[in-house]
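S.K.: Spelled out, the chains give:
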Amino acid sequence: MRYRASIGTIACTAAALCMPAATQAFDDAMYPELTGQWTRATVPGAVGQPPFDPAKPPGRGQRAPLTPEYQAKFERTLADRAASGLGDVVSTSCLAPGMPMMMQAYEPMQITVLPETTYILIDHIHESHRRIFTDGREWPKIVQPTFTGYSIGKWIDEDRDGRYDVLEAETRYFKGPRFFDSSGIPLHEDGESIIRERIYLDKADRNLLHDEITVTDHALTRPWTVMKNYRRTLDPLAEWPEYICNEQIPFIHIGNETYKVSQDGYLMPTRNQQPPPDLRYFNKPKK
Amino acid sequence: MQYRSSIGTIALAASLGVTVTFGGALAFDESRYPDWKGAWRRVAVPGVVGQPSYDPTKSGGRAQEAPLTPEYQAIFEANLKDQAQGGQGTDPTYTCLSPGMPRVMTTFAPFEIVVTPQMTNFLIQHIHDSRRIFTDGRDWPKKIVPTFVGYSIGQWIDTDGDGRYDVLEIETRGLKGPRSYDPAGLPLHSDNQSIFRERVYSDKADPDVLYDEITTIDNALTRPWTVTKKYSRVRIKQPEWGEEVCAEGNGDVEIGKEGYFLSGDGHLMPTKKDQARPDLRYFKQIQN
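Heads up: the sequence lines are chains Z and V, in that order. If you're matching positions, the first sequence starts at 14 in the numbering used here and goes up one per residue. If you're matching positions, the second sequence starts at 305 in the numbering used here and goes up one per residue.
Hints listed in this document are in silico derivations from the structure and should not be mistaken for laboratory results. Just so you know, these numbers come straight off a predicted model, no measurement behind them. Each hint should be verified, as a subset may be incorrect.
Said to hold, decoys possible - Over the 10 Å line for every Cβ pair with chain Z, so calculated as not near, a few chain V residues:
#1 V349
#2 Q429
#3 R501
#4 L566
#5 H571
#6 D578
#7 K588
Stated by the list, open to error - Within a straight-line C-alpha distance of at most 20 Å, the following computed EDC-like cross-link-like pairs (lysine to aspartate or glutamate) qualify:
#8 Z/K154 to V/E558
#9 V/K341 to Z/D40
#10 V/K534 to V/E562
#11 V/K577 to V/E552
#12 V/K576 to V/E547
#13 V/K577 to V/E548
#14 V/K447 to Z/D248
#15 V/K341 to Z/D41
#16 Z/K188 to V/D583
#17 V/K446 to Z/D277
#18 V/K561 to V/D578
#19 V/K561 to V/E369
#20 V/K447 to Z/D277
#21 V/K341 to Z/D277
#22 Z/K273 to V/E558
#23 Z/K154 to V/D583
#24 Z/K273 to V/E517
#25 Z/K297 to V/D578
#26 Z/K188 to V/D516
#27 Z/K216 to Z/D172
#28 V/K588 to Z/E255
#29 V/K341 to V/E558
#30 Z/K299 to V/D578
#31 V/K577 to V/E369
#32 Z/K273 to V/E552
#33 V/K447 to Z/D40
#34 Z/K188 to V/E562
#35 V/K577 to V/E558
#36 V/K588 to Z/E205
#37 V/K480 to Z/E260
#38 V/K577 to Z/D203
#39 Z/K297 to V/D516
#40 V/K446 to Z/D291
Glycine included, each C-beta is placed from N, C-alpha and C at the ideal position.
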């Protein structure tokens with residue numbers, strides 16, 4: 014895997030720009046004002062589920078730089094979807110979307126900045142607590158892989174006006190399965206993705222936030238960079254919805270089969286000629 | 305329902321000691337707030353065994369001596385009977401529904417408290433347990449979309465007048481269900497009119513000990529029920545924050561109103577003796 018340079022190892026090389034460790038009093042005037050509620054910026058003309066690259070159509074239209082092996086995997090997902098109407102495991106289960114898909118912000122996003130950590134909270138499928146550690150730490154020797162990954166960040170004062178304007182984050186140590194978006198573009202199952210981000214407010218519009226995301230992954234032939242945009246909800250009392258996945262997704266996975274639970278409470282097939290589940294552990298019905 | 309006095313209506317009257325800056329944000333003087341940083345975990349009470357119960361000083365089940373109305377005591381008893389037979393009774397979390405309030409404050413996993421002037425977040429990575437406590441002086445909204453964790457408005461109090469807040473008072477309403485207090489299935493009323501009042505504060509002698517005094521007012525109770533939860537701070541500079549994804553490895557499934565279990569070899573299993581097979585009427589051929 015290339016591109017292994019670590020934010021952790023370079024975090025304090027630019028001494029003037031680095032935050033010392035946790036004991037420093039918090040001067041929030043040093044940080045961009047990211048409070049409030051952020052929602053995904055809509056792209057004019059875009060239809061359907063939001064793709065990973067919001068500037069391009071979903072599915073094959075993303076032109077993801079997949080390796081031949083993972084392009085074939087993606088094509089199988091598309092074919093399976095066309096046949097059954099179902100998508101990948103993320104679409105039919107309540108597994109966490111993880112990084113980078115969670116940054117689609119299917120539901121409103123909260124960003125809380127404290128000196129040691131920036132929190133990105135998104136309640137969609139999984140109640141994601143993304144912590145970007147900005148306390149100058151190194152990468153730990155052992156990290157338990159997660160869908161969200163382990164993120165280390167660094168605040169940058171690019172224009173040297175005494176106030177940070179960019180949060181650079183690097184995220185590693187993943188588990189899977191993970192996908193770029195709901196069309197099923199896959200990340201490599203080795204979980205070795207490295208995701209670099211630059212998060213910053215638009216200079217002309219302080220209610221517009223950008224997240225430039227670069228994914229380096231063994232399923233890709235080259236790093237893939239996209240720009241996500243988010244709009245601040247101007248209502249200070251905006252509602253924060255609670256997304257309980259099991260209330261939303263009526264699917265059950267039994268063995269290798271996916272079934273649906275009908276509204277009237279019965280198990281249903283999800284494709285033609287699907288066999289019913291094997292009920293070998295139940296008593297035989299009395300005739 | 306009694307006890308309807310609102311934190312929201314008095315919140316603006318209390319001085320928060322904050323300054324409104326551009327964009328509506330509040331300048332943050334951390335020294336005015338208690339230091340609740342780090343990872344907190346539930347303190348086990350010696351002698352109390354089994355799954356963590358709602359009142360941590362008593363064992364679970366009937367030993368909680370919950371002041372239930374006769375109707376809800378009967379529901380609770382039926383639940384215990386079902387659980388004894390292998391069912392889930394009135395514990396709704398087995399299919400990954402949020403435990404909701406007040407059960408989330410049992411904190412089945414280490415949790416973090418993130419304090420800012422506008423909001424305090426309780427980040428509890430369990431099933432779906434995290435909370436937002438609004439401390440921006442807002443009043444109760446005219447309309448609240450009900451949630452399992454409810455809508456919480458808080459107010460910081462400087463009880464000893466030393467210039468630093470020491471108690472976070474919270475009131476929570478706008479609940480949905482089903483909810484139970486604990487894994488034993490101790491039920492809250494299905495009308496979801498619960499009101500929770502909390503006082504969260506540090507131990508004066510030990511800042512690594514935190515208390516949450518929770519009073520529940522619920523139509524399934526004959527009187528308000530107050531318990532005190534106790535938490536201790538994990539003395540690790542960089543605590544590991546686990547990621548619990550309930551759907552991952554959860555073997556419990558629900559079809560209609562029946563709970564089943566998925567065996568290790570990928571088959572549906574009964575959870576109770578002589579449990580009926582699921583009805584497969586929507587399948588063309590039933591092979592077994």
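S.K.: Please go over all the hints and tell whether each is borne out by the structure.
M.R.: Now for the hints, and whether the structure bears them out:
1. V349: 28 Å, holds
2. Q429: Non-interface label on V/Q429 violated, nearest chain Z Cβ at 6 Å vs cutoff 10 Å.
3. R501: For V/R501, whose nearest Cβ neighbour in chain Z is about 21 Å away, the distance exceeds 10 Å, so it holds.
4. L566: 6 Å, violated
5. H571: Incorrect as stated: the minimum Cβ-Cβ distance to chain Z is 5 Å, not above 10 Å.
6. D578: Per Cβ check, V/D578 is inside 10 Å of chain Z; nearest 6 Å; violated.
7. K588: 8 Å, violated
8. Z/K154 to V/E558: 41 Å, violated
9. V/K341 to Z/D40: Roughly 17 Å between the alpha carbons, so the hint for V/K341 and Z/D40 holds.
10. V/K534 to V/E562: Not satisfied, since the Cα-Cα distance of roughly 36 Å exceeds 20 Å.
11. V/K577 to V/E552: 26 Å, violated
12. V/K576 to V/E547: 31 Å, violated
13. V/K577 to V/E548: 31 Å, violated
14. V/K447 to Z/D248: Distance of about 15 Å is within 20 Å: holds.
15. V/K341 to Z/D41: Holds, at roughly 17 Å.
16. Z/K188 to V/D583: Violated - the C-alpha atoms of V/D583 and Z/K188 are around 36 Å apart, more than 20 Å.
17. V/K446 to Z/D277: Judged against 20 Å, a Cα distance of about 34 Å means the pair is violated.
18. V/K561 to V/D578: Within the cut-off at roughly 16 Å; holds.
19. V/K561 to V/E369: Judged against 20 Å, a Cα distance of about 29 Å means the pair is violated.
20. V/K447 to Z/D277: 30 Å, violated
21. V/K341 to Z/D277: Judged against 20 Å, a Cα distance of about 47 Å means the pair is violated.
22. Z/K273 to V/E558: Since the Cα atoms of Z/K273 and V/E558 sit roughly 11 Å apart, the hinted pair holds (cutoff 20 Å).
23. Z/K154 to V/D583: Cα-Cα ~51 Å, so violated.
24. Z/K273 to V/E517: 43 Å, violated
25. Z/K297 to V/D578: 10 Å, holds
26. Z/K188 to V/D516: 35 Å, violated
27. Z/K216 to Z/D172: 11 Å, holds
28. V/K588 to Z/E255: 38 Å, violated
29. V/K341 to V/E558: Violated, at roughly 39 Å.
30. Z/K299 to V/D578: 12 Å, holds
31. V/K577 to V/E369: Violated, at about 30 Å.
32. Z/K273 to V/E552: Status holds; Cα separation ~18 Å.
33. V/K447 to Z/D40: 36 Å, violated
34. Z/K188 to V/E562: 32 Å, violated
35. V/K577 to V/E558: 17 Å, holds
36. V/K588 to Z/E205: Answer violated: V/K588 to Z/E205 is near 44 Å, above 20 Å.
37. V/K480 to Z/E260: Holds. V/K480 to Z/E260 sits at ~12 Å (cutoff 20 Å).
38. V/K577 to Z/D203: 42 Å, violated
39. Z/K297 to V/D516: 51 Å, violated
40. V/K446 to Z/D291: Violated, at about 51 Å.
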